[in-house]
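Trainee: So you can see what is in the structure, the chains are spelled out below.
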Amino acid sequence: MKILVCISKVPDTTSKITFKDGDTKFKTDNIQFIVNPYDEWYALVRALELKEAAGGSVSIIHVGPAENDPIIRKALAIGADNAFRINAEAKDAYYTAFQIAAHAREEAYDLILVGKETIDFNGSAIGGMLAQMLEMPFESMCSNLQIDDNKLTVEREIEGGKEISEINLPCVVSAKKDLAEQRIPNMRGIMAARTKPLQVLEAQDCEALTHIEKFERLPEKGACKYIDAEHPEELLNLLHNEAKVI
Amino acid sequence: MAIDQFQGVDYFLIDELLSDEHKLIRNSVRDWVKKEVSPIIEECAQKAVFPEQIIPGLAGMGAFGTFIPEVYGCPGLDQISYGLIMQELERCDSGIRSTASVQGSLAMFPIYTFGSEEQRKKYLPKMASGEWMGCFGLTEPNHGSDPGGMETHFEDQGDYVLLNGAKMWISNAPFARVAIVWAKDENGIIRGLIVERGMEGFSTPEMHGKWSLRASATGELIFNNVKVPKENILPNVKGLKGPLSCLSSARYGIAWGAIGAAMDCYDTALRYTRERKQFGKAIAAFQLSQKKLAEMLTEITKAQLLTWRLGVLKNEQKATPAQISMAKRNNVEMALNCARNARQLLGAMGIMGDYPIMRHMMNLESVITYEGTHEIHLLITGKDITGLNAFV
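Residue numbers (my numbering), protein chains in the order written: chain G, 1 to 246; chain R, 1001 to 1392.
If you're looking for bench data, these hints aren't it; they were derived computationally from the structure.
Fair warning: this is a prediction, and the values are worked out from it, not measured in the lab.
Even glycine gets a Cβ: it sits at the ideal position worked out from N, Cα and C.
There may be inaccurate statements among the hints.
List of simulated lysine to any residue pairs, SDA-like, C-alpha gap at most 20 Å [to be verified]:
hint, chain 1, residue 1, chain 2, residue 2
1, G, Lys-176, G, Pro-137
2, R, Lys-1023, G, Pro-37
3, R, Lys-1023, G, Ile-31
4, G, Lys-27, R, Lys-1238
Under 8 Å between C-beta atoms, here's a sample of chain R residues computed to sit facing chain G [claimed, not checked]:
hint, residue
5, Gln-1007
6, Leu-1018
7, Asp-1020
8, Glu-1021
9, Leu-1024
10, Ser-1028
11, Asp-1031
12, Gly-1060
13, Gly-1062
14, Gly-1144
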């Protein structure tokens, strides 16, 4: 089983988010970056579990500049065998998927895992685009994944229950919570990561299909008004006349 | 205890002085502590129990023999990595850091530094994995700051020596498999002996009733005609230099560890004072609160820079015992002051186990005394700058 796991770099969940250049760019000064948790905790760890159970290899791919290498080293410290970094800024989802697909075509992976979304831009687009570009089946937001006889059984939570489906390999799967349990790198893993191969690949020519017009922060929360429980009509009055929502 | 919400404290962007691998190590240990130790530490401290179940995890995090080479089954990392691991452990609890300090700097370090190749190969891999835990016997009931006056002694009996005496205030003693014991030979020369649990006449009664380091096990080492094989004597050191060099290594780790405790107190107090309202506003908005918080952060930042520099010097093998004394003394007092100020900022909640403040404060009362008292470290600096010995 040859598995590829796509990882992204995202701001730490406690970061204060601000923008620059007329609110068109995320301001990265003093931001701590981490591996996107859906990629690290679920996609990567499930890939490692599959490898541990049935053999094979787990490779990492990341689209980004050299300054992003620490997140790749972390993925290697957790247990991936080797890594590829496409040396380019990830301009948009299409551009990123295009670069990963170009690499994946060369390597013939059995399974490609991505997180269900990044926790910063929440695009959820890479997995589907990648599957389309590689002409592979795609299962999104899987919370359970089993492999038997070259067939993949995946479980997805749907409204009111679960959907269990079977797809053929090779395929692309996006991971959500419960697919695996976070692994914290230990010192042996961190030391082993020093010498694991990290190959830098040049980007293919590709135009981004989208560009950011503007970012806006959520409006500040308004003051909270308390209504006397004895006078529910006051709530109706405020919702109708002040908030104008009913 | 409430969910561990700790966030690193780095006002002067000191992370930029660390390598990517240092940060990965620090963050991994922090994540591990939050997952495995924070949820249980308060109960362990309240019940005065050392959580032995975390020993394999501590080993996995490289906490045992961090800087000893890989050939002996150890991580073989640098001194800054060692410091960062100690910082993250003590950020949770000084008792947990103490267990790791004793194992790495006081038990494994002397075997690595003064032991024979056979001793290194026999003990270090099992100690690095946590299978064998170690302790360090120097302090005696009547000899604390004056270890040269120790009474524990041994006599040559041919193939073995006969060890007699007692050690006190020994971290890890109740469960240790291996004890590094410092004792005088017939000529009054201090030697290091590796004493193993199970040797006849060797017992390790636990000391109960501590108000500090309650999540760490402390005991006595009692030697009653213990036959110690001669191959268990550390061959490559004689005199006080042996135990004192171990203490230098441990004190270096404590200098980092104390910053961890201080950061936890500051982080807790900052979060609490922003949320707690009195007179209609958050108490962080009052000048007296801000004075405490600002001074805590200033002192933490100074200690971080001092200790990072000490780590660089230690990596270059240029750090002196006196520099280590200065850092240990400064940082532990700084952490204790942070704990006391944080306790005050949290008001009555500061004494409750829902927050780590009081536990840190009580722990640090030990840390400021052990591995060289606050006063002794001052005299070490005094002697270093004047050339005059004021100990006696």
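Trainee: Minimum Cβ distance from R/Leu-1018 to chain G below 8 Å?
Mentor: Because about 11 Å separates R/Leu-1018 from the closest Cβ in chain G, which is outside the 8 Å limit, the hint is violated.
Trainee: Holds or violated: R/Lys-1023 with G/Pro-37, Cα cutoff 20 Å?
Mentor: At roughly 18 Å apart (the allowed maximum being 20 Å), G/Pro-37 and R/Lys-1023 satisfy the hint.
Trainee: Grab the minimum C-beta distance from R/Gly-1144 to chain G and call the hint holds if it beats 8 Å, violated otherwise.
Mentor: 34 Å, violated
Trainee: Given a cut of 8 Å on the nearest C-beta pair, is the interface hint for R/Ser-1028 held or broken against chain G?
Mentor: 5 Å, holds
Trainee: Given R/Gly-1062 as an interface hint, is its Cβ closer than 8 Å to any Cβ of chain G?
Mentor: 3 Å, holds
Trainee: For the hint on R/Gly-1060, just tell me whether its beta-carbon gets within less than 8 Å of chain G.
Mentor: The hint holds - R/Gly-1060 has a Cβ within 8 Å of chain G, the shortest such distance being about 4 Å.
Trainee: Run the distance test for G/Lys-27 versus R/Lys-1238: straight-line Cα separation, threshold 20 Å.
Mentor: 59 Å, violated
Trainee: Tell me if the straight-line CA distance from R/Lys-1023 to G/Ile-31 falls inside 20 Å.
Mentor: 14 Å, holds
Trainee: Hey, does the R/Leu-1024 contact hint survive, CB to chain G under 8 Å?
Mentor: Hint holds; R/Leu-1024 Cβ to chain G Cβ min 6 Å, cut 8 Å.
Trainee: At a threshold of 8 Å, is the proposed contact between R/Glu-1021 and chain G supported by beta-carbon distances?
Mentor: 7 Å, holds
Trainee: Does R/Gln-1007 pass the interface check with chain G, least Cβ-Cβ distance below 8 Å?
Mentor: Since chain G brings a Cβ to about 6 Å from R/Gln-1007, closer than 8 Å, the hint holds.
Trainee: Would the hint linking G/Lys-176 and G/Pro-137 be met if the CA-CA limit is 20 Å?
Mentor: The given pair, whose Cα atoms are some 18 Å apart, holds under the 20 Å limit.
Checked against the numbered hints given earlier, this structure breaks hints 4, 6 and 14; the rest are met.
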